[in-house]
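Novice: Sequence:
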Amino acid sequence: MKNHILKNIIFFAILFCTVISASAQDKVDTVVMLNGEKREGKVVSVKDDAIKFVYKGEGLEYEFKKSDINVIVFASGRTEVINKGTNSEVASSTVTSTGRKGKIAILPFEFISNNSSLNVNAMAEQLQSDSYLSIKENTNGLELQDLITTNSILAKSNISYANLKSISPKEMAALLGVENVVYGIANVTNKGTSSYGSGVTSYNDKETQNKEGRKATTKSSGSAYNSNNATTMINYETKINLNIFNDKGANLYSESRNSFGTGFDAYHATINYLIKRCPFGSKAKH
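Those letters in the sequence shown? Residues -24 to -1, 1 to 262, by mature numbering (1 follows the signal peptide of the UniProt record, and there is no 0).
Since the hints were derived computationally from the structure, they do not count as laboratory data. Even glycine gets a Cβ: it sits at the ideal position worked out from N, Cα and C. Some clues are possibly wrong.
[Claimed, not checked] Derived lysine-lysine pairs resembling DSS-like cross-links, with alpha carbons at most 27 Å apart:
id, residue 1, residue 2
1, Lys77, Lys112
2, Lys146, Lys42
3, Lys32, Lys42
[Unchecked claim] Restraint-style ranges between C-beta atoms, simulated for each label pair:
id, residue 1, residue 2, range
4, Lys141, Phe240, 25 to 35 Å
5, Phe236, Asn116, 19 to 29 Å
6, Gly117, Ile210, 31 to 41 Å
7, Tyr172, Gly75, 30 to 40 Å
8, Ser144, Ser170, 22 to 32 Å
9, Lys259, Gly35, 41 to 51 Å
10, His244, Thr208, 39 to 49 Å
11, Lys259, Asp24, 48 to 58 Å
12, His244, Ser93, 19 to 29 Å
13, Gly239, Ser142, 30 to 40 Å
14, Glu213, Gly117, 27 to 37 Å
15, His244, Ile124, 32 to 42 Å
16, Gly237, Arg54, 34 to 44 Å
17, Val49, Ile210, 34 to 44 Å
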């Protein structure tokens, strides 16, 4: 009996350690740069003036200067501020709650990727623009704040793409003078490449069938030629997260969805899917 109990204890102890280990492997360190970029992976070492970093899914070490880093969020949950942002105290808009009624603003997306060649700020604005167009097309009863106005207010308040969450959704709505604010996160992972090739040999000779049903080759003018075509594609795994808050700080909508397909632009359809099913969308559940 004692042996049976001991075996069960050992089994569950091993199972618990396995779960904890798997969970830990999924967690990554996040380095937020002063320009708004977010880099996910593992901080290998920290020196006086730089850190060594390995991107998630890679083995090559990179070195980032501390002077370019805003904050490091370690997998353990510990946060280390390297350089404070230029964020000053944010002044609220003078628009009253009545004046904000029915208005919605879309913030630049938080863009996370293991592909260092992608421009984070450009992608943040592209996803913001796509969401704006989707809301315009797939919702009813909303007055959209144009993106130039939104981004101008953020810039004047010294709020960069990297620290959009430095103020609460309630404060953000008041700052922008809207009733609802859309927050988005795009996680785009480069999964590597796939090559598709084909070799074709074409001839100008014609193959015909005679009366007896046998095939015969009839020569025509021209020479034989070979053609080989190969296409290499980069495969991406994309996940879009969408949150909508009102000017009271309530979270009206929080959904995430993995994109269908491996193309880089697969996020377009995912954004449309999520927008259509938000509380103001054409396919909302009421």
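Novice: Compare the structure with each hint and give your call.
Specialist: Results of checking the hints against the structure:
1. Annotation: proposed proximity of Lys77 to Lys112 holds, straight-line Cα distance about 17 Å (limit 27 Å).
2. Our distance criterion of 27 Å between C-alpha atoms is broken by Lys146 and Lys42, whose separation comes to about 32 Å.
3. The suggested pairing of Lys32 with Lys42 holds, with an alpha-carbon distance near 20 Å, which does not exceed 27 Å.
4. In this structure the hint that Lys141 and Phe240 lie 25 to 35 Å apart at CB holds, the actual value being about 26 Å.
5. Under the hint 19 to 29 Å, the C-beta atoms of Phe236 and Asn116, about 26 Å apart, fit the expected range.
6. Distance hint for Gly117 and Ile210: a CB-CB separation of about 40 Å, consistent with the stated range 31 to 41 Å.
7. About 56 Å separates the C-beta atoms of Tyr172 and Gly75, a value inconsistent with the hinted range of 30 to 40 Å.
8. In this structure, Ser144 and Ser170 break the distance hint of 22 to 32 Å, their C-beta atoms being roughly 44 Å apart.
9. Taking 41 to 51 Å as the suggested C-beta distance range, the pair Lys259 and Gly35 conforms, at roughly 44 Å.
10. Taking the beta carbon of each, His244 and Thr208 are about 22 Å apart, not inside 39 to 49 Å as hinted.
11. A C-beta distance of roughly 55 Å is found between Lys259 and Asp24, which places it inside the suggested range of 48 to 58 Å.
12. Evaluation of the 19 to 29 Å hint for His244 and Ser93 yields a pass: the beta carbon distance comes to about 20 Å.
13. Against the hinted window of 30 to 40 Å, the Cβ-Cβ separation of Gly239 and Ser142 comes to about 34 Å, which satisfies the hint.
14. Hint check: Glu213 to Gly117, Cβ distance near 35 Å, so the stated range 27 to 37 Å holds.
15. His244 and Ile124 have their C-beta atoms about 22 Å apart, which leaves the hinted 32 to 42 Å range violated.
16. Taken as a hint, the range 34 to 44 Å holds for the pair Gly237 and Arg54, whose Cβ atoms sit roughly 37 Å apart.
17. Separated by about 28 Å at the C-beta atoms, Val49 and Ile210 break the suggested range of 34 to 44 Å.
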